[in-house]
Amino acid sequence: MTSASPPRPAGKPDLVTLERVTKRFPGIVANNAVDLSIRAGEVHVLLGENGAGKSTLIGMLSGLQQPTEGRILVGGTPTPITSPRHALALGIGTVFQHMMLVPTLTVAENLLLGGSWWRRPKAGELQARAAEIGRTLGISVDLGARVEDLSLGEQQQVEILRALLRDSRLLILDESTSMLTPKGIDDLGALMRRLAENGLAIVFITHKLKEAAAFGDRISVLKLGRKVGEITPERLRSLGEDEIVAEIVEMMFGARAGGDPEEAQRTARAFPEAVAPLLEVRDLAVPAGSGTPGLSGVSFAVRPGEILGIAGIDGNGQKQLAEALAGQLAASGGTIRLAGEAMDGLGVGERHRKGLRYLTDDRLGEGTVGSFPVSINFFLKQIGTPPFWRNGIEQTAAIDKRAGELVRAYDVRTPSLETPIGRLSGGNIQKILIAREFADGARAVIFNKPTYGLDLANTLATRQRIRDIATGGAAVLLISTDLEELLGMCDRISVMASGALVGTVDNAADARTRVGRLMIGLAA
Amino acid sequence: MTGLFSEVFLGALLFGAITAAIPLLLAGLGEQMSEKAGVLNIGIEGMMIGGAYLGFVAAFYSGSLWLGFLFGACAGIAVAALMALLCVRLGLNQIVIGIGLTLGLEGLTALLHHFQFSRSYPRLPAAERTEIPLLADIPVLGPALFRHHLIVYLAIALVFVMIYVYRRTQLGLNLQAAGDKPAALDVAGVDVIRTRTVAVLFTGAMAGLGGAYLANVGAGIFIPFITNGAGFLGIVLAMLARGRPVWVLLGALLFGLCLSLTTAMQVAGINIPTDVIQMLPFLAVMVMLVAFGRRGSLPAALGIPYERGAR
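Read top to bottom, the protein sequences are chains A and B. With full-length UniProt numbering applied, the first sequence corresponds to residues 1 to 524, in that order. With full-length UniProt numbering applied, the second sequence corresponds to residues 1 to 311, in that order.
Any given hint could be a false lead.
[Claimed, not checked] Simulated pairs of lysine to any residue, SDA-like, Cα-Cα distance not exceeding 20 Å:
#, chain 1, residue 1, chain 2, residue 2
1, A, Lys208, A, Gly488
2, A, Lys122, B, Ala157
3, A, Lys122, B, Tyr164
4, A, Lys381, A, Pro415
5, A, Lys354, A, Trp389
6, A, Lys210, A, Ala145
7, A, Lys319, A, Glu341
8, A, Lys122, A, Ala145
9, A, Lys223, A, Gly70
10, A, Lys381, A, Pro420
11, A, Lys183, A, Arg194
12, A, Lys122, B, Val96
13, A, Lys183, A, Glu132
14, A, Lys122, B, Phe15
15, A, Lys122, B, Arg168
16, A, Lys381, A, Ala442
17, A, Lys122, B, Leu82
Rather than coming from a laboratory, the hints here were simulated on the basis of the structure. No experiment lies behind these values; they were computed from the predicted model shown.
Okay, chain A solo, but in the shape it has when bound (with noise of 0.2 Å):
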């Protein structure tokens, strides 16, 4: 077949494709003219940072939201997807970022939903379909579970099955792999591949290069709203997945090459005893609440300019040691001290006036008010102080001064300083909480999972930062859990198991065996 104009190699006709199409929304251009098409029989990968556009694009796909210019094709034809319906309609079904199943209902209510309201569910024939469905792409799930006793994993497969249940033609999945264990992920890996082989389209959006690398068949990266560049399934499996990686990272990044921009190694510096601790810990400890756990004898030391790292498997008492350090939670014995000064009984604003610093990992949860504007979630900790508030007054001047200099130093990329701090990308809250931390005085800053949710270039910035501040002199706790993270940045790590400290490590060339083997609970 010979096509005149855009040459098409692998012959196969579009399923959907989008011509130029463009979102607007207030301050912001979330797509800007891109061009897509989605063929059957074809993993598309679209791989982008936070905020490139990625979700957007989708919500247009699954009919949430309506282009502002350019078209969607479906099967050749131009069609306007004006709600979920009508795309499920179309054989368009959509595995969203944050599930889309009602938790107090079973899986087979979840699938039943959207019959006809005035028939009687057809339990029945769900469960022979599924049962098809099921045993020919091996996806296995107990339709009599309640969805909210489901895993993540397990939730997801329900999410697929309900898309190939309505006869899907193209499946979308945004971002599936950021809840899953690394096995997830792998078998969502194998699962896309078959549903591919069995003639489905699917896209299947992740900022994560790797991903994209070894699940795609043709990958778009999207960059600030454009597509920046296309890999075809020709020029795929002509390279190898470095060669791919590389090819990426320069697409993203422009002339930032040279492997996974991730790796950074970093050589421990050591610090001598006799340098006075500008952070030390003793024996802290903190009553196990219902669910969570307390602390118990947790010791040590940091001193100024060292980056000291907290290891160890979610949950194990690390955000009740950032707490109790940054004084929201209440202490039951130990004493902190920030350059000798006893921090015990003081409040979180007197903690943190004296320099002690803390950058919580519940970025819009406890970190911001997602309804108030940039300028005034710069100074949550200092409301009531002046120069920002006089006689119970708020000073916004002094305010909107202040905050446009953060917004500057920091290079937070916000419509303006009135905007809600809920409607900017993760990447832009972690700098403001930055921004707020770091000013006047930090002497002793506490990290909790500071990457976590981010892209790539926001992690780079942040970790830069976080290098920076520790060169200035400040003591710094890093609390994460990616290893790789931590051996990347720290001087010593110190891994973290029921609520107590069970081992430091100097962050040599075999910490990483030493901290593993902590981890799992041997002796390094």
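Start from chain A and add chain B according to the hints.
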């Protein structure tokens, strides 16, 4: 204390309990559907008094109680349609609109009543009763429980219809999804706004019917503010019962008994200030809230307007 344990007293107490329970039962079942679908319908008191007024007017002029019930339900639906437009479609605050509708309807019906009936205060004849064969002949209990207007038995049968709807039908699934996770219902291809609107209109119909029963059968007369918090008690019942219609029935009977005790004790000549007795149902509410209020959680999206694609 002579009259307290007599058969007459007991009979009147139980008969009154059923009569008082039916409007609460209807309101509670109606409110339950709204809450299941995620709408906190505070306007139910207004829907009830609207139903009481129009139901009375229709029954008074036509002479037919059934026509009264029909018009009562229609009045409730009309008020509910306004609520659905403002709170479900336009997403305005459900509490503010609900209170506004209640106060507005109370004032409107009082005003209309003043112009029409303030001189005459007409009464309807006593409602015709349907006796259930055999059961109605049981001493004391028979006349008290099995000699009521037909609509009483229909209201109790409705409890079991609702159980069936919630457990076995597609509508039941959709309603629960609309209250627990509306976004999931939306992406499953069901219109959340429409589902919630159906629920609110049903609430209006039930509240209007309950109001009409209250005026036409319970009192035989319409007076301003006749519902006297029955709609709010319906909200309490729905909250306490969560998704279970049977609990609405049990709660309504308990409250009905309290209300009936108020009248029965006055009739028996027991010397307790009437104000104290009239507090009984509301004390019962507080006791029930303390006892059961914390159990189970309400629908996750209760009171939150649904907007597609909102973050």
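Outcome of the hint check:
1. A hinted pair counts as satisfied when its Cα atoms are at most 20 Å apart, and A/Lys208 with A/Gly488 qualifies at roughly 19 Å.
2. A C-alpha spacing of about 26 Å is found between A/Lys122 and B/Ala157, which places the hinted pair above 20 Å, so the restraint is violated.
3. The hinted pair formed by A/Lys122 and B/Tyr164 meets the criterion: a straight-line CA distance of about 15 Å does not exceed 20 Å.
4. Note on A/Lys381 and A/Pro415: the hinted pairing is violated, with a Cα-Cα distance of about 23 Å set against a maximum of 20 Å.
5. Our distance criterion of 20 Å between C-alpha atoms is met by A/Lys354 and A/Trp389, whose separation comes to about 19 Å.
6. Proposed proximity of A/Lys210 and A/Ala145 is contradicted: the alpha carbons are some 34 Å apart, above 20 Å.
7. Restraint check for A/Lys319 and A/Glu341: the C-alpha separation of about 23 Å exceeds 20 Å, so the hint is violated.
8. Restraint check for A/Lys122 and A/Ala145: satisfied, since their Cα atoms lie roughly 17 Å apart, inside the 20 Å limit.
9. Distance check on the hinted pair: A/Lys223 and A/Gly70 sit about 18 Å apart at the alpha-carbon level, within 20 Å; holds.
10. Between A/Lys381 and A/Pro420 the alpha-carbon distance is near 17 Å, which keeps this suggested pair within the 20 Å criterion.
11. Annotation: proposed proximity of A/Lys183 to A/Arg194 holds, straight-line Cα distance about 17 Å (limit 20 Å).
12. Between A/Lys122 and B/Val96 the alpha-carbon distance is near 40 Å, which puts this suggested pair outside the 20 Å criterion.
13. Between A/Lys183 and A/Glu132 the CA atoms are separated by roughly 24 Å; this puts the pair beyond 20 Å, and the hint is violated.
14. Between A/Lys122 and B/Phe15 the alpha-carbon distance is near 43 Å, which puts this suggested pair outside the 20 Å criterion.
15. The suggested pairing of A/Lys122 with B/Arg168 holds, with an alpha-carbon distance near 10 Å, which does not exceed 20 Å.
16. A hinted pair counts as satisfied when its Cα atoms are at most 20 Å apart, and A/Lys381 with A/Ala442 qualifies at roughly 13 Å.
17. Only pairs whose Cα atoms come within 20 Å are accepted, and A/Lys122 paired with B/Leu82 is rejected, the gap being roughly 35 Å.
When held up to the earlier numbered hints, the structure conflicts with 2, 4, 6, 7, 12, 13, 14 and 17 and fits the remainder.
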